[in-house]
Amino acid sequence: MPSYTRLTLAEREDISRALAAGKRLRAIARQLGRAPSTIGRELRRAERTRSTYRATRGQHVARRAAQRPRKLLRHPPLQAYVHAQLTQRWSPEQIATRLQAAYPDDLTMRVSHETIYTYLYVLPRGELKRELLRALRHRRTHRL
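Numbered according to my numbering, the sequence shown spans residues 26 to 169.
Hints were generated in silico from the structure; no laboratory data involved.
The C-beta atom is built at its ideal place from N, Cα and C for all residues, glycine as well.
Careful: at least some of the hints might be erroneous.
[Claimed, not checked] What follows is a set of in silico ranges between Cβ atoms, one per label pair, in the way DEER data are often shown:
(1) Met134 with Arg49: 38 to 46 Å
(2) Leu98 with Asp39: 33 to 41 Å
(3) Arg150 with Ala52: 22 to 30 Å
(4) Ala109 with Asp39: 34 to 42 Å
(5) Gly65 with Leu132: 46 to 54 Å
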């Protein structure tokens with residue numbers, strides 16, 4: 026399976042020209058060697074109708090999304106809570122569930138377990154990453 030690569034500005038321009046020429050989504054995907062879902066996602070993300078998609082706007086939206094700081098990095102109280110619970114050997118699933126119950130009206134104190142896992146695995150090398158990964162559970166949950 027080929028590795029994922031982001032759409033380039035040139036590919037976005039090809040999408041724009043193909044849409045203007047009246048090509049369908051699957052034909053555009055075939056032409057670019059991309060999955061149809063990739064093209065569809067790009068069109069939805071750009072928030073434009075199919076006839077007015079602009080490549081430069083799509084590139085701008087993608088760049089801003091890639092540069093946006095992640096939730097755990099933007100909210101120090103949330104980050105501190107997650108760190109504290111991980112060091113007490115709570116699973117990311119338990120942390121996410123507990124946050125929802127403890128802060129029902131505060132959306133800044135909510136995070137999914139997938140976000141916690143992603144945060145842990147993209148931390149730079151160092152003692153904090155080692156410590157938090159060591160605190161993660163490594164066994165499967167038992168079914169009753």
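Checked hints:
{"no.": "1", "hint": "Met134 with Arg49: 38 to 46 Å", "result": "holds (44 Å)"}
{"no.": "2", "hint": "Leu98 with Asp39: 33 to 41 Å", "result": "holds (34 Å)"}
{"no.": "3", "hint": "Arg150 with Ala52: 22 to 30 Å", "result": "violated (45 Å)"}
{"no.": "4", "hint": "Ala109 with Asp39: 34 to 42 Å", "result": "violated (49 Å)"}
{"no.": "5", "hint": "Gly65 with Leu132: 46 to 54 Å", "result": "violated (28 Å)"}
Of the hints listed earlier, those the structure fails to meet are numbers 3, 4 and 5, in rising order.
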